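S.K.: Given next are the chains, with one letter for each unit.
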Amino acid sequence: MIAAHLPALQIAVPLIAAPICLLLRRENLSWAWATFISWVVFALAWVMLEKTLTGGAFNYELGGWEAPYGIEYRVDALNAFILLIVAAIGAVVMPYARASVAREIPEHKRGLFYTAYLLCLTGLLGITITGDAFNVFVFLEISSLSSYALIALGRDPKALTAAFQYLIMGTIGATFILIGIGLMYQMTGTLNMADLAKRLPAVEDTRPVLAAFAFFIVGVCLKLALFPLHLWLPNAYAYAPSVVTAFLAATATKVSIYVLYRFVFTIFGQSFSFDVIPLESILLVLSLAGIFAASIVAIFQTNVKRLLAYSSVAQIGYIMLGVALVSVAGLTASILHIFNHAIMKGALFLCMGAVYYQIGSVKIEDMNGIGKKMPFTMFAFVIAGLGLIGVPLTVGFISKWYLITAVLEKGWWPVAVLILLSSLLAVIYIWRVVEAAYFKAGDSDDVVVKEAPVSMLIPIYVLTGASVYFGIETSLPLGTAAEAAKQLMGIGG
Amino acid sequence: MTISSLPPGLILVFGALLLPVAGSLIRPLLVLALPLLTIWQVWHMPDGSSAALVIMGHDIIAVRVDALSRLFAIIFSLMAFAGGLFALNQKRTLELVAAFTYAGSAVGVAFAGDLITLFVFWEIMALGSTIVLLSADTPQASKAAMRYFVVHMFGGALMLTGIFLFVFDTGGVAFSAMKPDTAATALILAGVLVNAAAPPFSSWLGDAYPEASWSGTVFLSAFTTKAAVYVLIRGFPGTEILIFVGVFMIFYGITMALLENDMRRILAYSIVNQVGFMVTGIGIGTEMALNGAAAHAFAHIIYKALLLMSAGSVLYMTGKRKCTDLGGLFQSMPLTTLCGTIGALAISAFPWTSGFVSKSMINQAAANEHLALLWFCLMAASAGVFLHAGIKFPWFVFFQKDSGLRPKDPPWNMRLAMILFSAFCIGIGVWPEYLYALLPYAVDYEPYTDAHVLNAMQLLLFAGLAFFIMLPMMKRTLTISLDTDWFYRRLAPAIINRLATVIGNADQAIRQRFMGALNGVVNYVWQHHGPEGSMARTWTTGNMVLLVTIFLCVYLVFSFI
Numbered sequence: 023m024i025a026a027h028l029p030a031l032q033i034a035v036p037l038i039a040a041p042i043c044l045l046l047r048r049e050n051l052s053w054a055w056a057t058f059i060s061w062v063v064f065a066l067a068w069v070m071l072e073k074t075l076t077g078g079a080f081n082y083e084l085g086g087w088e089a090p091y092g093i094e095y096r097v098d099a100l101n102a103f104i105l106l107i108v109a110a111i112g113a114v115v116m117p118y119a120r121a122s123v124a125r126e127i128p129e130h131k132r133g134l135f136y137t138a139y140l141l142c143l144t145g146l147l148g149i150t151i152t153g154d155a156f157n158v159f160v161f162l163e164i165s166s167l168s169s170y171a172l173i174a175l176g177r178d179p180k181a182l183t184a185a186f187q188y189l190i191m192g193t194i195g196a197t198f199i200l201i202g203i204g205l206m207y208q209m210t211g212t213l214n215m216a217d218l219a220k221r222l223p224a225v226e227d228t229r230p231v232l233a234a235f236a237f238f239i240v241g242v243c244l245k246l247a248l249f250p251l252h253l254w255l256p257n258a259y260a261y262a263p264s265v266v267t268a269f270l271a272a273t274a275t276k277v278s279i280y281v282l283y284r285f286v287f288t289i290f291g292q293s294f295s296f297d298v299i300p301l302e303s304i305l306l307v308l309s310l311a312g313i314f315a316a317s318i319v320a321i322f323q324t325n326v327k328r329l330l331a332y333s334s335v336a337q338i339g340y341i342m343l344g345v346a347l348v349s350v351a352g353l354t355a356s357i358l359h360i361f362n363h364a365i366m367k368g369a370l371f372l373c374m375g376a377v378y379y380q381i382g383s384v385k386i387e388d389m390n391g392i393g394k395k396m397p398f399t400m401f402a403f404v405i406a407g408l409g410l411i412g413v414p415l416t417v418g419f420i421s422k423w424y425l426i427t428a429v430l431e432k433g434w435w436p437v438a439v440l441i442l443l444s445s446l447l448a449v450i451y452i453w454r455v456v457e458a459a460y461f462k463a464g465d466s467d468d469v470v471v472k473e474a475p476v477s478m479l480i481p482i483y484v485l486t487g488a489s490v491y492f493g494i495e496t497s498l499p500l501g502t503a504a505e506a507a508k509q510l511m512g513i514g515g
Numbered sequence: 015m016t017i018s019s020l021p022p023g024l025i026l027v028f029g030a031l032l033l034p035v036a037g038s039l040i041r042p043l044l045v046l047a048l049p050l051l052t053i054w055q056v057w058h059m060p061d062g063s064s065a066a067l068v069i070m071g072h073d074i075i076a077v078r079v080d081a082l083s084r085l086f087a088i089i090f091s092l093m094a095f096a097g098g099l100f101a102l103n104q105k106r107t108l109e110l111v112a113a114f115t116y117a118g119s120a121v122g123v124a125f126a127g128d129l130i131t132l133f134v135f136w137e138i139m140a141l142g143s144t145i146v147l148l149s150a151d152t153p154q155a156s157k158a159a160m161r162y163f164v165v166h167m168f169g170g171a172l173m174l175t176g177i178f179l180f181v182f183d184t185g186g187v188a189f190s191a192m193k194p195d196t197a198a199t200a201l202i203l204a205g206v207l208v209n210a211a212a213p214p215f216s217s218w219l220g221d222a223y224p225e226a227s228w229s230g231t232v233f234l235s236a237f238t239t240k241a242a243v244y245v246l247i248r249g250f251p252g253t254e255i256l257i258f259v260g261v262f263m264i265f266y267g268i269t270m271a272l273l274e275n276d277m278r279r280i281l282a283y284s285i286v287n288q289v290g291f292m293v294t295g296i297g298i299g300t301e302m303a304l305n306g307a308a309a310h311a312f313a314h315i316i317y318k319a320l321l322l323m324s325a326g327s328v329l330y331m332t333g334k335r336k337c338t339d340l341g342g343l344f345q346s347m348p349l350t351t352l353c354g355t356i357g358a359l360a361i362s363a364f365p366w367t368s369g370f371v372s373k374s375m376i377n378q379a380a381a382n383e384h385l386a387l388l389w390f391c392l393m394a395a396s397a398g399v400f401l402h403a404g405i406k407f408p409w410f411v412f413f414q415k416d417s418g419l420r421p422k423d424p425p426w427n428m429r430l431a432m433i434l435f436s437a438f439c440i441g442i443g444v445w446p447e448y449l450y451a452l453l454p455y456a457v458d459y460e461p462y463t464d465a466h467v468l469n470a471m472q473l474l475l476f477a478g479l480a481f482f483i484m485l486p487m488m489k490r491t492l493t494i495s496l497d498t499d500w501f502y503r504r505l506a507p508a509i510i511n512r513l514a515t516v517i518g519n520a521d522q523a524i525r526q527r528f529m530g531a532l533n534g535v536v537n538y539v540w541q542h543h544g545p546e547g548s549m550a551r552t553w554t555t556g557n558m559v560l561l562v563t564i565f566l567c568v569y570l571v572f573s574f575i
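Protein chains in written order, with the numbering used here: chain A, 23 to 515; chain B, 15 to 575.
To be clear, the hints were calculated from the coordinates, so they are not data collected in a lab.
Quantities reported herein were computed from a predicted structural model and do not represent experimental measurements.
Backbone N, C-alpha and C define an ideal beta-carbon position, used for all residues, glycine too.
Treat the hints with care, since some could be wrong.
Quick list of simulated restraints, FRET-style, between CB atoms [said to hold, decoys possible]: (1) B:T184 with A:G78: 33 to 39 Å; (2) A:T76 with B:R161: 51 to 57 Å; (3) A:V307 with B:R161: 29 to 35 Å; (4) B:V444 with A:L440: 55 to 61 Å; (5) A:L446 with B:M484: 44 to 50 Å; (6) B:N537 with A:V456: 24 to 30 Å; (7) B:G71 with A:A311: 29 to 35 Å.
Computed footprint of chain A on chain B, listed as stretches where at least three residues anywhere in the stretch have a Cβ under 8 Å from a Cβ of chain A [said to hold, decoys possible]: (8) 166-175; (9) 544-550; (10) 564-570.
Make a model of the complete structure from these sequences and hints.
M.R.: Here it is, written out as structure tokens:
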């Protein structure tokens with residue numbers, strides 16, 4: 023009975039939990055409730071992924087309304103995998119949140135914080151699971167509005183302006199997506215994704231559909247922070263509370279990338295998407311430019327969270343590069359890197375949260391000699407950082423391996439060389455942090471800085487451990503990503 | 015997965031992590047026990063290989079045992095033992111941790127049966143050695159470490175690109191003999207040669223090694239270049255270009271060492287020279303030549319470590335490292351002098367030392383292949399080795415003028431380490447059959463024939479004579495601190511002075527132009543990517559929106575044309 027309603031529960035549970043969280047009014051209760059819900063959501067996502075991997079994709083009609091008229095949820099290997107990533111990051115981050123939130127957010131806002139977090143989680147999951155184009159926009163707004171609020175809770179006054187800029191840019195992005203969806207509705211009379219995919223080819227040469235595609239692409243690239251539309255991202259990540267940064271960096275842009283996959287490959291179809299405009303070349307150039315520009319900027323940053331944010335922009339470049347290849351291998355690498363990057367970046371931002379918890383700053387110059395004072399946190403940072411560089415036995419290496427193999431399959435040698443060169447830039451920016459932490463003496467030894475509390479270290483090590491574990495045992499992410507890529511390209515599945 | 019399929023190098027790598035937590039009583043025991051345990055494990059592993067695990071559909075063969083890998087694993091772990099013994103009174107535990115990780119991953123390289131395992135250990139070596147350098151904790155050392163790290167990361171990137179292409183071409187990752195005739199194998203070869211200090215990357219070695227601490231240099235001298243030699247023997251035997259590379263390295267090492275004043279830098283350049291002999295042997299590629307290269311690597315690690323231990327002892331006791339500040343130490347450091355001299359004789363391939371029984375194999379291999387020109391080069395180079403490492407180092411450090419310094423011999427553990435390796439140098443020289451039994455191919459070579467010994471003695475005596483006749487010239491190089499000014503003070507007599515000035519000016523202009531361009535690039539990058547640059551600045555919301563609008567227009571235009 024319950025098993026049949028899994029897709030609905032995936033969304034309904036956090037959605038209903040959010041207002042309840044608000045009513046609890048006690049900080050510890052709210053936290054415990056949000057953590058419990060996160061774990062339930064994670065378990066649901068896990069079960070659904072198992073189900074799709076063994077039994078294939080399945081649909082769920084909300085309220086029993088038949089598909090093109092009612093709202094339909096559709097779960098296949100791709101979005102079950104993304105759901106799992108989002109839910110897993112939520113489940114790992116929440117135990118960590120208690121200590122970190124208590125340090126960074128004023129007491130009377132903490133209940134609101136957990137409520138906003140649950141809403142954001144609902145939104146992200148909803149975007150991923152739904153099979154209805156307009157529903158995507160609705161959940162996009164839920165997740166965006168709650169994330170603006172979450173970012174604005176940051177301690178630094180700059181968090182407000184960062185959130186405001188993100189609000190404007192995010193709204194523009196969402197509006198563009200809405201305009202795209204509206205134009206498609208106008209031409210086809212349907213909002214169901216499967217139905218759209220069937221009806222669009224008949225009208226694909228009309229101007230509204232062409233315009234719809236352009237609006238959609240710009241809007242979604244803005245949301246997923248593809249260079250040079252990434253400008254909202256660095257400040258938003260740098261000044262948000264640590265927990266929020268770790269959660270959003272690992273999930274929010276990834277979900278937007280999922281939306282791009284879904285619309286470009288499933289709805290518009292690969293032949294339309296890459297014929298109407300030279301999307302391949304545009305994505306290739308922008309992602310390479312993003313990888314280099316953002317990595318170089320990261321090298322010069324003094325705020326480590328901002329440094330990691332720029333590194334995220336560069337990593338999004340790798341993910342989009344996989345899309346630009348328009349091949350099963352390229353998409354596999356792309357999807358795989360979504361998973362791998364979520365793990366590594368989550369771990370790195372959590373480490374910075376622990377540092378902020380102890381010294382109240384994440385500036386490089388304030389982190390001199392911190393390797394001795396917080397050995398466990400910084401060791402995790404080094405391991406996750408090695409992953410970002412792409413050292414073997416970490417997930418970063420697996421991503422790089424598949425991306426380069428996919429690039430070589432196309433015969434794009436110079437691109438492969440550029441990818442390898444760009445990982446040297448990651449060496450430099452990670453090294454700057456390591457150098458300060460381990461090879462520079464701290465200024466004042468009278469300030470006693472201790473290791474972060476265990477409740478923060480365990481989540482850090484879960485993600486760090488995962489970044490090594492999945493660097494060796496690749497069958498789960500790789501198998502799922504390959505399956506999802508095949509489905510997107512319309513081969514098998 | 016059984017114990018025997020775990021790389022024995024991991025004993026050192028993981029054991030090293032115990033060192034910081036061990037108390038000051040247990041730590042020395044661990045330092046000595048870990049390498050011994052590794053040697054024991056290596057010695058008892060049966061030949062053969064097995065796939066330990068499968069990553070991304072490729073068999074990862076972490077342990078492949080045969081005579082060649084066993085030979086290198088034994089010398090690497092033996093080196094870790096002697097180095098550890100020598101470094102017992104090093105106060106910075108970090109250096110020992112890094113050195114053992116470095117040594118353990120070198121053992122891992124020796125057993126790697128596939129390219130992925132090889133690359134993993136290769137990179138850990140780069141990391142470990144960089145930290146050994148950094149542990150010297152001087153500003154020069156940290157700068158040198160940065161340069162060292164960049165060079166090795168570059169080499170690693172070349173190698174990794176090669177491995178990617180190799181897998182793409184062949185679909186396998188097995189590490190076996192290959193020919194550098196595809197882009198993949200050529201890149202792997204290039205990556206390995208960077209670590210072997212081949213041209214044009216010969217300079218990192220002389221730049222970095224002398225900046226390490228008194229004990230750090232001993233470790234550094236042993237692993238990186240010899241691991242590269244191992245990979246070349248295994249992967250690229252008989253590759254002709256290696257002969258030229260090797261000969262260049264031989265003469266590069268001699269020239270730079272003769273010009274040098276820092277005692278440990280002399281020895282560092284002589285590593286390039288000695289590795290050149292090995293690389294040449296690999297280029298010849300016959301069984302005897304490969305045997306010679308492997309045997310020479312084995313012998314070289316021991317006597318070079320011995321030389322650097324004696325230099326390290328001098329540095330430890332006096333704090334001085336320049337030949338011009340030293341001299342006459344034999345009076346108060348008799349044991350160090352004796353051991354340093356034994357090392358110097360061994361590196362010069364004096365009969366009844368280890369260098370003689372290994373290097374003469376390479377020479378003989380060249381002769382057997384009728385490579386006359388090469389043979390003459392090797393002979394001339396042998397004389398050159400005796401000049402710079404065999405006489406120059408001990409003469410200026412231990413004898414020569416009296417510098418007035420009266421340091422004692424170093425502490426017992428350092429003495430013991432030197433005695434141990436001196437014994438090895440002579441033992442291998444007198445009873446070479448034990449080393450020969452370990453070599454990858456059956457040995458059909460007798461080092462102690464009348465002709466060989468006579469030949470060596472003549473060469474060494476005349477080179478020795480030449481050194482003392484030219485002593486005034488050698489000395490004059492000492493009066494100046496070595497840098498580029500040596501070239502215009504010594505090499506440019508009055509006649510070519512003007513020419514030199516012209517060339518110098520042109521050179522300066524070119525360099526300035528180049529540096530200017532480089533600065534320009536850096537400035538440009540800084541302007542746009544630095545904290546205040548357009549790439550990194552926080553844009554106003556209006557400008558962001560404008561950018562988005564422009565983008566939308568571009569997409570729309572693309573759509574409608």
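S.K.: All the hints need checking, so say for each whether the structure fits it.
M.R.: How the hints compare with the structure:
At roughly 35 Å, the beta-carbon separation of T184 of chain B and G78 of chain A lies within the given 33 to 39 Å, and the hint holds. A C-beta distance of roughly 54 Å is found between T76 of chain A and R161 of chain B, which places it inside the suggested range of 51 to 57 Å. At roughly 34 Å, the beta carbons of V307 of chain A and R161 of chain B sit within the given window of 29 to 35 Å. As the Cβ distance of V444 of chain B to L440 of chain A is approximately 57 Å, the hint placing it in 55 to 61 Å holds.
At about 46 Å, the CB distance of L446 of chain A to M484 of chain B agrees with the hint of 44 to 50 Å. A hinted range of 24 to 30 Å for the beta carbons of N537 of chain B and V456 of chain A is consistent with their spacing of about 26 Å. At about 33 Å, the CB distance of G71 of chain B to A311 of chain A agrees with the hint of 29 to 35 Å. With 5 residues having a Cβ less than 8 Å from any Cβ of chain A, the stretch 166-175 of chain B passes the three-residue criterion, so the hint holds.
Counting residues of the stretch 544-550 of chain B whose beta carbon lies closer than 8 Å to any beta carbon of chain A gives 5, which reaches the threshold of three, so the coverage claim holds. Here the stretch 564-570 of chain B counts 4 residues with a CB under 8 Å from a CB of chain A, which clears the bar of 3, and the coverage holds.
The earlier numbered hints are all upheld by this structure, with none contradicted.
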